[in-house]
Amino acid sequence: MKRDQSDIVNNQGSLSVSDESIARLLCDDNHVEEAVRLIMKKYGEPLYWHIRRMVVAHDDAEDCLQETMINVYKYRSTYSNEYPLSSWLYKIATNESLKLLKNRSGFTLSVDDLGVSLKDSVREEAAPDADETLILLQEAIALLPAKQKMVFNLRYYDDKSYEEIHQIVGDSVNTLKTNYHYAVQKIKDYILEHQL
Amino acid sequence: MKDFDLEGLSREMPYRMPEHFLDDMTERVVSQIAKQQHKQHRERRIVALFASAASVAAVALLFLHPFGGGFDIPDYESISQCASVDEVLQNMTAEELGVYSMMSNYYGN
Numbered sequence: 001m002k003r004d005q006s007d008i009v010n011n012q013g014s015l016s017v018s019d020e021s022i023a024r025l026l027c028d029d030n031h032v033e034e035a036v037r038l039i040m041k042k043y044g045e046p047l048y049w050h051i052r053r054m055v056v057a058h059d060d061a062e063d064c065l066q067e068t069m070i071n072v073y074k075y076r077s078t079y080s081n082e083y084p085l086s087s088w089l090y091k092i093a094t095n096e097s098l099k100l101l102k103n104r105s106g107f108t109l110s111v112d113d114l115g116v117s118l119k120d121s122v123r124e125e126a127a128p129d130a131d132e133t134l135i136l137l138q139e140a141i142a143l144l145p146a147k148q149k150m151v152f153n154l155r156y157y158d159d160k161s162y163e164e165i166h167q168i169v170g171d172s173v174n175t176l177k178t179n180y181h182y183a184v185q186k187i188k189d190y191i192l193e194h195q196l
Numbered sequence: 197m198k199d200f201d202l203e204g205l206s207r208e209m210p211y212r213m214p215e216h217f218l219d220d221m222t223e224r225v226v227s228q229i230a231k232q233q234h235k236q237h238r239e240r241r242i243v244a245l246f247a248s249a250a251s252v253a254a255v256a257l258l259f260l261h262p263f264g265g266g267f268d269i270p271d272y273e274s275i276s277q278c279a280s281v282d283e284v285l286q287n288m289t290a291e292e293l294g295v296y297s298m299m300s301n302y303y304g305n
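Those sequence lines, one after another, are chains A and B. Take the first sequence: its letter number 140 is residue 140 in the numbering used here, and every next letter is one higher. Quick note, the numbering used here runs 196 ahead of the 1-based positions in the second sequence.
Be a bit skeptical, because a hint or two may be false.
Once the Cα atoms are required to be at most 25 Å apart in a straight line, the calculated DSS-like pairs of lysine-lysine come out as [to be verified]: (1) A/LYS177 / A/LYS188; (2) B/LYS235 / A/LYS42; (3) A/LYS41 / B/LYS231; (4) A/LYS91 / A/LYS119.
With beta-carbon atoms standing in for the labels, derived distance ranges [what the hints assert, rightly or not]: (5) B/GLU223 / A/ASP129: 42 to 48 Å; (6) B/ALA256 / A/TYR83: 49 to 55 Å; (7) A/TYR83 / B/SER251: 40 to 46 Å; (8) A/ASN81 / B/MET213: 54 to 60 Å.
Calculated from the structure, these hints are not laboratory results. Glycine included, each C-beta is placed from N, C-alpha and C at the ideal position.
Looking at chain A on its own, in the form it has when it is part of the complex (with noise of 0.2 Å):
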């Protein structure tokens, strides 16, 4: 299949694919093994740390990253050009994360009150020579509500701009400017109650 002019090779040699490509060669049932391939090559890395900072522990982001990716296949005919690729792929992301938090936290509970048990296993789950600041990071991170959580980690991790979040969280950008500024607000605290 012809790729853009815009497909260029970068200057550490591996191929760079625009996204406009990816998403014709998913479309084309002869070339899904292909498109999925870039997928993970170019998105594979982003998505997976988004999802692990959603669920935390690396198991639960395997699976959700397995379960993004089939998605992807399923339902790769509803992808509309209107989006960029990467704002459709973090919604899908984004959804299969919810819905393993949803799944954890049963019929009575809701995902937000999984909180306490998703910061005790940050810790857990850090490497065994990191950071202090960066582990209560990720704890105060934690004990955000779900919709603050995503906004800021969006934000925050991923450089993604309002336009885009809205695109994947599908609040106005309003919501998501005062979502930021609380989940913000509330890191702070956290971390300066809990520092040493």
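Got chain A; can you put chain B on it based on the hints?
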């Protein structure tokens, strides 16, 4: 009041991703997708096979009984001209009685 410089903090994560995790995941996903594609392909072939079998049967029926000729259709017109229901029932063959009872059940009479 004390403030914490969140923007100045490293974006590094305190967790580690296992080595070769993404490569292994890619292979797993690709193999699952290949399985699903194979299953879909097989289902499509079965549907196509049934569709062609049904078409062949329809064409064969058309040749054997063009315009429905050869089938015994009950003469409902003569039934409606009879004086009483009892009389009609007495003149009916066993096969016609079967059709009558089926229609009665259907219309709830």
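For each hint, the structure was consulted:
Distance check on the hinted pair: A/LYS177 and A/LYS188 sit about 17 Å apart at the alpha-carbon level, within 25 Å; holds. This hinted pair does not check out: B/LYS235 and A/LYS42 have alpha carbons roughly 28 Å apart, beyond 25 Å. Proposed proximity of A/LYS41 and B/LYS231 is supported: the alpha carbons are some 21 Å apart, at most 25 Å. Proposed proximity of A/LYS91 and A/LYS119 is supported: the alpha carbons are some 24 Å apart, at most 25 Å.
Hint check: B/GLU223 to A/ASP129, Cβ distance near 30 Å, so the stated range 42 to 48 Å is violated. The hinted range of 49 to 55 Å is satisfied by B/ALA256 and A/TYR83, whose Cβ atoms lie roughly 52 Å apart. A hinted range of 40 to 46 Å for the beta carbons of A/TYR83 and B/SER251 is consistent with their spacing of about 42 Å. Judged by the Cβ atoms, the range 54 to 60 Å given for A/ASN81 and B/MET213 is violated: they are separated by roughly 31 Å.
Comparing the model with each earlier hint shows violations of hints 2, 5 and 8; every other hint is respected.
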